[in-house]
Amino acid sequence: MTEHFKIDKPDERNMLDDTAQGVLGTPMNRPDGPLKVTGTAMYAHEWHPEGLCHGVLVRAGKGPGNLTHLGTDEVRTMPGVIDVVTDQRLLSVPAQGMANAAPEQGHDRIAYDGQPVALVVAESFEQARFAAQSMEVVVEPDEGAHYDPWAADTKVETPKAKQSSQGDLDKAMTDAAVTVDETYTTAGHNSGAMEPHTSVAQWDGDRLTLHGSYQMLKFNKNELADSLGIKPDNVRILSPYVGGGFGSKLGICHEAVAAALASREIGRPVSVALSRQQVLEATMRRSETRQRVRLAADAEGNMSGMGHHSLVSNLGSQSFAEPVTQATPFLYKGENREIVQQVAETDRMCAGSVRAPGEAVGILAVEVAMDELAEKLGIDPVDLRLRNIPDKDPTKEIPFSSHMLGECLRSGAKSFGWDKRQKAGMRREGEWLVGMGVSSAVRVNFVIEAKARVRLDPEGTAVVETDMTDIGTGSYAIFTQIAAEMLGLPPSQVRVVLGDTDLPPGSGSGGSFGAASTGTAIWLACDNIRKTLAGKLGVESDDLTLKDGEAIAGNKRMRLSEILNSEALTAEGHVEPGKTSKEVRQATWGAHFAEVAVNAVTGEPRVRRMHGVFSAGRILNEKTARSQCLGGMTWGIGMALTEELLFDMRDGHLANRDFAEYHIPVNADVPQIEVDLLHERDAWANPMQVKGIGELGICGAGAAVANAIYNASGVRVRDFPATLDKIMAGLS
Amino acid sequence: MKTDLKINGELRSLDADSRTTLLDALRNHLGLTGSKKGCDHGQCGACTVLVNGRRINSCLSLACMHDGDEITTIEGLGTPEQMSALQKAFVDHDGYQCGYCTPGQICSAEGMLQEMKEGWPSHVSGTLDGPPKLTADEISERMSGNLCRCAAYPNIVDAILEVGASETKEAAE
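Chains A and B, in that order, give the protein sequences. Each number in the numbering used here comes from the position in the first sequence (counting from 1) with 3 added on. Each number in the numbering used here comes from the position in the second sequence (counting from 1) with 61 added on.
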């Protein structure tokens, strides 16, 4: 039986407030924890089927250009080499998130430096690696390639659908008592998931089984099938454990197609893992951005206008452009607004989704600009933000489904001790200048179509099944809790099976929509089972209480096993986004507070304290939700201070393609961050009142750090990351 | 190349290509896939194991260099049914998210707590003499060779603090 629900209106019943099991929202440990901490969770690279061979991808060391020679003959005779795959179905770039079809393929044309062009398969990994590194690859580079997005002769697109304007911003800027008009730049970023992309492919006749590290299996299945030219029904992808994604594993990637082609050709299972260097140079990058932000306000700090002009880059073949201005239309008041989004066509590696595409970098710039405005006005930066919270979406003129920014700012300011903040450059401890910074956090919220199946077995245990993934987000935990709560079972009686395309297609992990989308599908399936149980007891489902494996209705109390009478109940939940995604503005909200010390001699910035307050509807698990926020805030530290993809603009190659040179935050860079979760119910979101929290923590976190650097030292850095050289240049 | 190793208390013989790293030997030849490969260049720490009680990056060491060595991997510390104190603390404090760096974090923490007990100072220790104090700063500093992109760092620190404090208490009693 399928319970279908299109979210066309708010669900005010708040059913989960009335259920009796009491496990939802609790800080339950992850059920997958014991496997992860003992090294027994099976990630893709852990699958070693009988007869496994090892494949290593070969890269083109120049691009763009034409591939004129591949030294396959020499490599084929090397010890242990079984095959060299140079099939034109090898991917040129990975698929973008939710592409659902093959991305660009083939390697006669090399689109960028680092593009994989062949796979060497050998008996051992050592043999495959040596042979792959030995292979001669000759590329005739193009004349006149463009690598630098800011260069005057680089082609810039201005897609019509992505521009918007209301009122007259130029006039508002002229009329305003105080304005900010500054340009900010952010560097390119890499997702840097700890598990490099890995696929183990095996064929049984025409049917391919692939153990892969992927986020969105229902799309990946179609992308892989399309890339290989086979029917989707012949593809099964398994990703029960994924070692981090952050966008990098949204779409099918080089290693999956290469492993599948090789395995087909040689008739043995093949394992291909990208090296860390290949992850950095050939998966997805977040584009660097250049953002002009304009703000106009009266002398009291009431904003009348806001402009956000962004320029990002990508390969000419790609339609994806980092949606930098995504939250600008609705974050602050102002009747005059102008949004410009441009994309420069560059001949470098592909740009795509990296955690919180858009807001991650867009809010960084806007929130530093807000700090500049507060400074010019002489108004407290928290007050300036509070003063400019709109009472409805100022662009679309539709209501907000909920709005918690003000509460997050006020609550955070109190907990953090914001009242002790001094004027810029006033606090000094030895050679350290110390300051505080604040930023708003905002991220758009949405649901995508998802299905899930729930089976209640006669002995009173339940199984939840969907192809949804857990990429570290806590899917196993929260789905266990949703089913346990809805069916009145202790969590130990619920088993969640994920990451298998043979199961009903969930949402996949991306865009913070996993919990709300797939969670709602599970909720719907459970609701259907509740209705069936109520029917069997002859009561309305609203009058049914389920707790600890028992059903209570009126004066009846029965074990589920008695009601089920040896018969399992199975239901499928199916959710689709509906009118509520258009009729109201849905977003998640938060506030970041940071205390940063800047070394007066070296310019070194150290984050001393950080406090985040977030609101994202009903919190399903206090522990895993907090962890998501910790992670996001730490990404903010990285973005503000250290992370930077460095391309050599002479030839487009990525110069820092490993963790020694691309600096993600280490333990010592991160203080014992505090996170508060403010509870709310958002009936417009879905029947569970749940919103996404996976990306909220990153949005604005870097701005709080940057604003604290200014408050500490009086140095305003507008070019991120704010490395010590840039700070030192401003120290007097 | 023949190499004899004592892994998790068990004698294991290996006959692998001399280029095989200790990490690949564990994963591809000995069926111990708990140790992870995050970078293969000693930059992330996901492959951390204990060799004769000291933590090392197993990806930076050739298996054949370890003839006769005693090696402890994550599998040797505990099982899902019988977790070690650190493994349990990591679960309780949510000291992981995706779990990929976790075996390395836990092996590294085992080695680190031993280093603390032996009085090794660190960059953030107030003094080079005397036993260092088990603080969040000390743990952060000493665990910075183990990257976690999910950024469970504060929870990792809390988990290690809890175990370290209880070990210190036990030692005092």
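Do not take every clue at face value.
[Said to hold, decoys possible] Simulated coverage check for chain B against chain A, where a stretch passes if three residues somewhere in it have a Cβ under 8 Å from a Cβ of chain A:
hint : segment
1    : 62 to 70
2    : 133 to 143
[Said to hold, decoys possible] Partial chain A-side listing against chain B, Cβ under 7 Å, derived:
hint : residue
3    : Glu198
4    : Phe323
5    : Arg609
6    : Thr645
Please keep in mind that the hints were generated in silico from the structure rather than gathered at the bench. This one's a predicted model, so the numbers in the text were calculated from it and none came from an experiment. Built from N, CA and C at the ideal position, the CB exists for glycine as well.
Each hint, compared with the structure:
With a cut-off of 8 Å between beta carbons, the segment 62 to 70 of chain B has 0 residues touching chain A; three or more are needed, and the interface restraint is violated. Chain A is given as covering the segment 133 to 143 of chain B, and this holds because 8 residues of the stretch bring a CB closer than 8 Å to a CB of that chain, at least three being needed. Hint status for glutamate 198 (chain A) relative to chain B: holds, with the closest Cβ pair at about 4 Å, below 7 Å. The interface hint given for phenylalanine 323 (chain A) is broken, as the beta carbon of that residue sits about 22 Å from the closest beta carbon of chain B, more than 7 Å.
At its closest, the beta carbon of arginine 609 (chain A) sits 11 Å from a beta carbon of chain B; the interface hint therefore is violated under the 7 Å criterion. A cut of 7 Å between beta carbons decides the hint on threonine 645 (chain A): the least distance to chain B is about 12 Å, and the hint is violated.
Hints 1, 4, 5, 6 from the earlier list are contradicted by this structure; the remaining hints agree with it.
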